[in-house]
Structure formats: C-alpha cells, structure tokens
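Undergrad: Each chain, written out:
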Amino acid sequence: MAALFQISEPGEAPVPHGHRRAIGIDLGTTNSLVATVRNGYAVVLPDDQGRPLVPSIVHYGENRVEVGFDAMARQTEDPQNTIVSVKRLMGRGLADLADARRFPYRFQEAPGIVRIATRTGVKTPVEISAEILRALRDRAETSLGGPIDGAVVTVPAYFDDAQRQATKDAAKIAGLPVLRLLNEPTAAAVAYGLDNAAEGTYAVYDLGGGTFDISILKLSRGVFEVLATNGDSALGGDDFDHRIFCWALEQARLPPPSPADARRLLIEAREAKEKLTGHETARLAALLSDGSNVDLDLSSGVFTSITQTLVAKTLQPMRRALRDAQLTPADIKGVVLVGGATRMPQIRRAVAEFFDQPPLTNLNPDEVVALGAAIQANKLAGNRERDDDWLLLDVIPLSLGLETMGGITEKIIPRNSTIPIARAQEFTTFKDGQTAMVIHVVQGERERVSDCRSLARFELRGIPPMTAGAARIRVSFDVDADGLLSVGAREQTTGVEATIAVKPSYGLRDDEIARMLQESFAHAADDMLARALAETQVEADRIIAATESALQVDGDLLSSEERSRIDEAIAVVKAMRNGTDHQALRASVEALNHTTGEFAARRMDRSVRGALAGKRVDALT
Amino acid sequence: MRLPHEQDIMIDFSRNYFELFGLPQRFESDSASLENAYRRLQTEVHPDRFASAGEQEKRLALQSSARVNEAYRALKDPVSRAQYLLSLHGIDALSETDTQLPMDFLERQLERREAAAQAVSANDSSALAAILGDVRREASDLVSEVARAIDERQSFTDARMPVRELKFMAKLANDLDAMQSSLDD
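Protein sequence lines, in the order shown, are assigned to chains Y and R. Counting in the numbering used here, the first sequence runs from 1 upward without gaps. Counting in the numbering used here, the second sequence runs from 1 upward without gaps.
Some hints could be false.
[To be verified] In silico DSSO-like pairs for lysine-lysine, Cα to Cα no more than 30 angstroms straight-line: (1) Y:Lys218 x Y:Lys168; (2) Y:Lys168 x R:Lys58; (3) Y:Lys218 x R:Lys167; (4) Y:Lys168 x Y:Lys333; (5) R:Lys58 x Y:Lys431; (6) Y:Lys574 x R:Lys58; (7) R:Lys76 x R:Lys58; (8) R:Lys76 x R:Lys167.
It should be emphasised that the hints constitute simulated quantities derived from the structure, not laboratory data. Note that the coordinates shown come from a computational prediction; the quantities given were computed from them, not determined experimentally.
From just these sequences and the hints, can you work out the full model?
TA: If you want it as structure tokens, here you go:
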C-alpha cells in the first residue's frame, strides 16, 4: 500500500524510490548473523574485521554493554554478568529450566518469566536478546547506509508460542520493524531450494547450539509447503559440550568447579568438540583458579559414546515428523543439514543411516538460515527480484488447546496445521448463575494440562446469569503467519460482549515492553522515535483520506450514530496528527481502523454483490 | 492511491469450500486438482503477499488465507470431506446425540483393539502391521460405499452410517499407527 501511495510533503516521502533495506536475522543460541539481498544475491554482512558471525553473548560491564566477541572475552573473568546461550531461556520460567544449575547466573526467584540479576540491574532474556539484535541492526544499518525498513527474524520451528512471542518482543525492543518470524529449517529450505531449483520432498535436520528441529517440506513449482515439523527446543551443540565437560570432571576427579572454572572447562570442551570433526583426538587443557591443571585427551570414539544418547534424542522427532507427514524415509529426496552442530561426524552418520542416503552438505550450515531469512525479507519488503515467484506455507509445531473439566486438554488446533489458521469452539457454564469463566490456554501434545505448556489465562466476566449449560461461550483461536496465537472469548446467546483479562504466563506485559522500549530509546538515543512518528503520520493521512472518500461513496451504509462515531474517530486522528506523540497517534489510528471495521465489511459485501450480479460462479474463480 | 472499495476482493466468504476451489461438489475427488487449486489460491491471498500493505488489507489477507487453509483441510481428508458434504445438505453425520453404530461392526473393532494390545505387549510389530493393514482395507471399502451413496445415488442419509464407521476406523487406524511407532521408537 505504502508503495502505491505517496504524500507529497517535503522531506517526508517514505522511501520515494528504489530499494528497501531488508534484512534476515538468524538469532542463534551460540552465534547470530545478519544477511541481506544485494544485486540479487543473498549475502551475510560481516563486521569491520570481516567476521560474519556474532557470538550470542552479552556482557553487562561497569559503563557499557558489550556484545559478541568483546563480550566473549569477558566470560571467564566475569561469568555472572556475561550471558551466553540466552536463547535457551526465552519464553521460559525458572521452573522450566531443569538445568538451571548449569548456568552461573543469579536467577531471581519469581513466577513467570526468567529474570537474571546483573551488575546493571535485573534483565529478562528478552532484553538480553534485544542487545544482540541491536548489535546486528547497527551492523546492517552501517553496511546498508540507513535505517532498516524490514527484518525477518528466525526462530526454531519447535519454539512454542511463548518463545516466539519473546523473540518478537526482543526485536521490538531492539527497534527492528519485524516483517515476519520465520522457522529456521524453513529459511534453510528456501535458501537451498531456490539455489538448487529443488523439486520434491526434502527433510531439513537443524541442530543448532541449543535447539533441534526436523522439518519435512514439499517443494513444488515455487511453493515450499511444510508437511510436518518436530524437534526439541532444549537440545543442541551446547549439550555435547556439557557431556565433554562432565566427562572431564569425572576423569580429572574434580569437585564442582567455580563459575569461572566451569566456563574455562566449557570453552575447552567446545574446542575439543570442534577439533574432533576433523581429528581422531583432541586435548583439553586448563589451568584452574586453585592452581590445579586439567590435561586430558579425548578420542572421537569416547566422544561418540558419551554423546550417543543425545544423538538418539534426535531420532524420535524424525520418526514423528515422518509419521505426521505420512511418509517413510524412502520418500525423502534429500536431507539438508543446518546448524554448526551438524558438522559432528556422529550426527552425519546417524542421519545418513536413518534416511539411507548421505546428507546434502554443499552449503554452509552456519549461514544458510540467515540467507534464507534475507531472501524472505527482501520479498516481503516488496523488492522485486528475478524468480521471486514463490510462496512459503508453514505450520504450527505444537497443538493449541484449552483446559477443560478435570485438568484435561481439549485440542482446538492440532499440531502441523498450516498457518494462518482460525478455529473456534463453543463451551458452556457448569453452574447455575455462573457469571465468570476462567479460560486456560495451553500448548502441547499431552492429555493432561499439567504436562502441557501454559500460555495464558483469560477471565471471561460479565456472563449473564443463566441455568447451567445455557450460556454459549465461543472461544476463538487465531494463529497468524508468524505462528503467534491470539485468543478471544464471547458469550453468544445474549450477544453481550464480555471483557477479557489476559495474563501471559511466561511473557512480558505490554507495560513492561513499553518500559524497556523507553529505556532502549534513552540508551540508544537514535532517531527511531522521529522515524516512527513520520511513518505513523503517513499512515494517519492515508487512513483519513481513505475513510473520507469511502464515506463519500458508501456513507449510506451507516446509521447516523455509526457515522458520528467514525467522524469522531477521524477528528481524534487529525488532532493527534500534528503532535509529537507517535504512540498516541498510532493508538488513534488503530481506534479509527477498529471503528471502521464493520463499515469496511459492509462495503465488501456490497462490492461482492456487485461483482457477482449476473455472473456464474465458475466465472469468478 | 487505492481506496478500500477498489481493493481486490480476495475471496468470497459466502461460497462453500468446493466453490472456493472451483471443484465439483462430490465426494470422490482428484487430490491433484484440489492441491493445485489450493496452492493457486494461497499464492493469491497469503499474508506474505501483503506484508507491506495497509492494516485493512493485511487483516483481509490473514482471514482469507486462514479460510483457504480450513477449506483445504476439510476437503483433503475423506472423513471430513464427507462430513462437510453432508453438512451442506443439512445432515450432521457425526452429531454427538446420534452415535449409533452396528453391533457387529463394534465387536469386530473391539476384537482388533484387543489383538493390537496383545501385539504391543508381545512387542510384535509385524502382527500390529497386519491389523493396521486390515483396518485400512476396511476403511477403503467404506470410502467406496460413501462414494456410491453420495455421488451415484445422491442419497445423503444413506451415507451417514458409513461415514460414521469411517470416522471410527480412521481413529482406530491412527491409534494403531501411534502404537506402531511407539514400538519402533
């Protein structure tokens, strides 16, 4: 729309001509990357020293926050203020972290989202991730010569709703205009598929630093259709490091180490793991803080045997994904490997054995996700390229449902449903005169609610008192193209719209995000506010013009009361239009949009009737 | 600039799923034409095509795309396709108040479930596979029976019982399949 519409105000034209700055971001557990499409080719944007990867590490120092290699250098000297693998904490509560003791951080005992005490205050994983995203945004803006118009941020396919929402919130706090959340294996399939003109059914095996995904996709004439996905959002290369670490403690007969020593040993463990990709043995050597020396040799045979159970943990999701897609390994034309951890020989052997074919390794497993995300961002931003006539159809990884009587889950949307999707189900009251109902939204495959992930609790109030079973409460689930769920509830028989209070179980409340946004403005002091205001003004002008002209054409569809509500909403937008508060302006625009929703629907009906008049149905397809 | 009344009408929500895909309203269907129609329609309405559009258009794309997904899901699977076809004729084949199934049918499936449970406890994957094969054969016979009732005789009430049995068999096949994969895991 914006491209077709230009307000001729001097100096304010929104990207008057040419290319939009679109980026793809792979926000990884261990490393992150940013990529863009340049001259028709997807490229990773390196730093000024030519390094493509940014270690996903944030250090909260005395005077400043460091990200990437600078933060990496701090991890042994200041482990409690140097946050690594924060992705494992996204959308999680402390109680979810079976391995909380593996982290050297000072966690806060509080319900809901994980919080970590650092030198510069209590931080949530969302804020910590936002620091990484901000560093990537800065890199991209420097490289592309201006503010980013749109970003696609990738998430593990097996991330649940809370983890996805947390990622989107982090991008928001980092000041990134998010075009889409994209599943990592799907991004890889896009990069691979477009590059190789692939057709057929493919599997993407994505073992990253902390997450595992398997996706089965059908590639056919420009459509990438995800048939099924499965995985483990707490399994990755980190766990292999940890096995080596435990092995080393056992071999060297060490007591539980201090946080700094643990970091030292884990760094050694990671290096040994990487070395074993091309060598038969690796040496682990570390000088610990008490002066003792660790010096061990790890053979690839021992490494394979101590990590056997981890490799096996990836097989069950593969079988399940195939079963959900109603396929067998023989139906798979090729297996794409993604994620640095797939360099391990035992992984390659296991995958080759399972699918009875060698996996495809002709692409860089570290970069392919960011490249696919950049390609998608470029397309969504509206930059035209050759052969960009393709479409992604993705799925939700885990079933969405509600708690019913007896703590049992009622599934509303089954896993592997293609998104976007909307479903509704009716429920009723079980007591006479019941006026309120708690609606508990959960995600997962298990029968019992306590075994599923709690996403949110809703309270539906204001149900008119009726006999038990007479009220009809329609609960609607809407999953958008980002895989994010919104839930609504409404009592049907009386048409009374009841109020809903939403309490995300593991998310940030809107006011918390607003606060973090404010802090990030103060901290970054960039021109984002001004830009947001300018953009919102353009949007405001557009909607005023569109609404006024629609009123001229179809004003007769409205009652005088409805008409005056719309006029009022327009007046509010006009009043805010010349102010400086972009959030107030945005709110007024949204209010106008909301007020005209019904009007738009009626106009749609009218134009449909016009179009249908005198035509046969099949002439319209 | 484009005004709302000039916007493309993405899809017409008053049309039924068959009309939406431009397919004949019958039970027996060609899955390739359904898939092609689905993909063509999604290419037109998917939110990815409207990522830089206005809020109104985005919302419409989201709703249209969700509708197309729902329609595809309903027509792809024989049980839901039959159920949907009957519902277009005012028949609720799987109503919760009318769940009768023939006694001999139920007995046969009960025996199968028992045999399957025995196969699981004996860790006998091939016995389980044989039962699953039988179930799938019987389901496929039921599909033909539904097709005859709906497409040949246009007798929607006659189709109710086989649809209900088919639903039962689909559930059974799914459970057996789950048992099979837990044996293999």
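Undergrad: Against each hint, give a clear statement of whether it holds in the structure.
TA: Consistency of the hints with the structure:
1. The hinted pair formed by Lys218 (chain Y) and Lys168 (chain Y) meets the criterion: a straight-line CA distance of about 27 angstroms does not exceed 30 angstroms.
2. The suggested pairing of Lys168 (chain Y) with Lys58 (chain R) holds, with an alpha-carbon distance near 18 angstroms, which does not exceed 30 angstroms.
3. Between Lys218 (chain Y) and Lys167 (chain R) the CA atoms are separated by roughly 27 angstroms; this keeps the pair inside 30 angstroms, and the hint holds.
4. The straight-line distance between the Cα atoms of Lys168 (chain Y) and Lys333 (chain Y) is roughly 34 angstroms, outside the 30 angstroms bound, and the hint therefore fails.
5. The suggested pairing of Lys58 (chain R) with Lys431 (chain Y) is violated, with an alpha-carbon distance near 41 angstroms, which exceeds 30 angstroms.
6. At most 30 angstroms may separate the alpha-carbon atoms for a hinted pair to count; Lys574 (chain Y) and Lys58 (chain R) meet this at roughly 23 angstroms.
7. Taking the CA atoms of Lys76 (chain R) and Lys58 (chain R), the gap is near 27 angstroms; set against the 30 angstroms cutoff, the hint holds.
8. A distance of roughly 14 angstroms separates the Cα atoms of Lys76 (chain R) and Lys167 (chain R); the hinted pair therefore holds under the 30 angstroms criterion.
Checked against the numbered hints given earlier, the structure breaks hints 4, 5 and satisfies all the rest.
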